[in-house]
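Visitor: Got chain C; can you put chain E on it based on the hints?
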Amino acid sequence: MKSGMEGKLIIVEGVDGSGKSTQIRLLEKWLKYAGVPVYFTEWNSSETVREITSKGKRKGLLTPITFSLLHATDFADRYERHVLPLLHAGYVVLADRYIYTAFARDTVRGCHPKWVRQMYDFAAKPDIAFYFRVPVDIAFDRIVKNRPKLKYYEAGMDLNLSNDPYESYRIFQGRIVEQYESMIGPENFAVIDGTVDIEEQQRQLRQKVLETLPRQMFKAQKGAAAK
Amino acid sequence: MRRGAASQGRILKFYGHGIPYVDDSEIKGRLIVIEGPDASGRSTQIGRVTAHLEAAGHAVLNVGLKRSELISEGILEAKRNFAGRKTLSLFYAADFADQLENKIIPALRAGYIVLADRYIYTLMAREAVRGISRRWSHNLFSFALVPDLVFYLDVEPEELVHRVFQKNAYLDYYESGADMGLSDDMFESFLIYQGMIAKEFRRMQKRYNLVIINGNRPVPEINADLQKRIDSFLRSVQGAKG
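These protein sequences, in sequence, are chains C and E. So that you can map any letter, position 112 of the first sequence is 112 in my numbering, and since no number is skipped, the others follow by simple counting. Just so we're on the same page, my numbering is the position in the second sequence counted from 1, plus 227.
Bound-form chain C, shown alone:
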């Protein structure tokens, strides 16, 4: 985090089905309960941008570069509108997926890695970046069991990896895992084993958060969390 910001930024990364969303939601509930001012934000959720992105996806109009730019626009909107001001105001900002999702996905789609990284260079570095590691097969089973059909871009069908969406998805996810794995050291990820019990993972998250957050944050007035 850049100096002069009183808040803390905690983010989770991992492939679909790695369990990261469950864990960050539990973290949010715990922090709120402890009276810490918290704001939660997730990937691809800007009200202004999301509609255009989903239209582009529905109609299959997106190229790797427009896909990347629209997600960057979405990120920038949430960042400029919420994340940065809230960090300045001293909030704990929790993000379900952050710039590393773009680094991984856009690179796998064929965008230049340096181009993507420089585009996001305005984003603050997280105080903690949890990376949920799970074998591709396990994440795959978790997703496929709950979903009758995979979406075109979700399955990476635009990459022409396979005509079978499930096979395409498996290869696509495998490549994203490779990208994440290569970022662990350079981006200082805190690795969480996504195959162990939910409670055990949450215990590890909370321990790391307690080490990072100043004690007085927990003494802040209750009910100060942003909507």
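Please note that the accuracy of each hint is not assured.
[Stated by the list, open to error] Derived lysine-lysine pairs resembling DSS-like cross-links, with alpha carbons at most 27 Å apart: (1) E:K330 <-> C:K114; (2) C:K125 <-> C:K114; (3) C:K59 <-> E:K306; (4) E:K394 <-> C:K59; (5) E:K330 <-> C:K55; (6) C:K32 <-> C:K151; (7) E:K394 <-> C:K57; (8) E:K293 <-> C:K57; (9) E:K306 <-> C:K57; (10) E:K306 <-> E:K433; (11) E:K394 <-> C:K55.
Just so you know, these hints were derived from the structure itself, not from any lab. Note that the structure is a prediction, hence the values are computed from the model and not measured.
Guide: Coordinates of chain E only, in the frame set by chain C:
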């Protein structure tokens, strides 16, 4: 043997990282850009140049900023919602990328002359005067094609403001830099802002090979100037193929 405007096929030339996944097969067309502020006479000139080129037998495609069927609507919505500067920059870049990949490159492959009513330079100038780093903007647009010719219609802000008033009874919010808090007086804000943009264009002149055209002259005179330069360029590239 008869040749198109384009002479022999050439590979796509990008500013920086380019589009790594793009098929690098040959293009035959030419990309010509006309830059300039609102009311600088851009659209009039593009209309005339298009008619002239078509009369000479060239296939011409017109493109411009904020014209992507998918994305332009989102930009308007973002402005209504007072989106931040990085957000708007990225949205404009997405709009441009969509047109580059889906219109400009296919037309160039097919041998068209693509006439662009503004290009990345306007976007970069707007970003620079709003405090976004030039390095960031340059990287952002490193996927853009290097045009064959770029003209900038340079009009004195004092002249420009009167042309705007001949078209509309008001000054556009963003084109006056009203979001930048330059002055409470819109007229004054417009003059300051347009001066800043023009300065940014002159700064970019060398790096991006901009041809600055004196836009203070009457329409036919500017048109003759532009047309002469375009024709001589097209002749030179056709002559070169032997």
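Visitor: All the hints need checking, so say for each whether the structure fits it.
Guide: To see whether the hints hold, each was checked on the structure:
| no. | hint | in the structure |
| --- | --- | --- |
| 1 | E:K330 <-> C:K114 | 26 Å, holds |
| 2 | C:K125 <-> C:K114 | 17 Å, holds |
| 3 | C:K59 <-> E:K306 | 24 Å, holds |
| 4 | E:K394 <-> C:K59 | 38 Å, violated |
| 5 | E:K330 <-> C:K55 | 19 Å, holds |
| 6 | C:K32 <-> C:K151 | 34 Å, violated |
| 7 | E:K394 <-> C:K57 | 39 Å, violated |
| 8 | E:K293 <-> C:K57 | 19 Å, holds |
| 9 | E:K306 <-> C:K57 | 23 Å, holds |
| 10 | E:K306 <-> E:K433 | 32 Å, violated |
| 11 | E:K394 <-> C:K55 | 35 Å, violated |
The earlier numbered hints that this structure contradicts are 4, 6, 7, 10 and 11.
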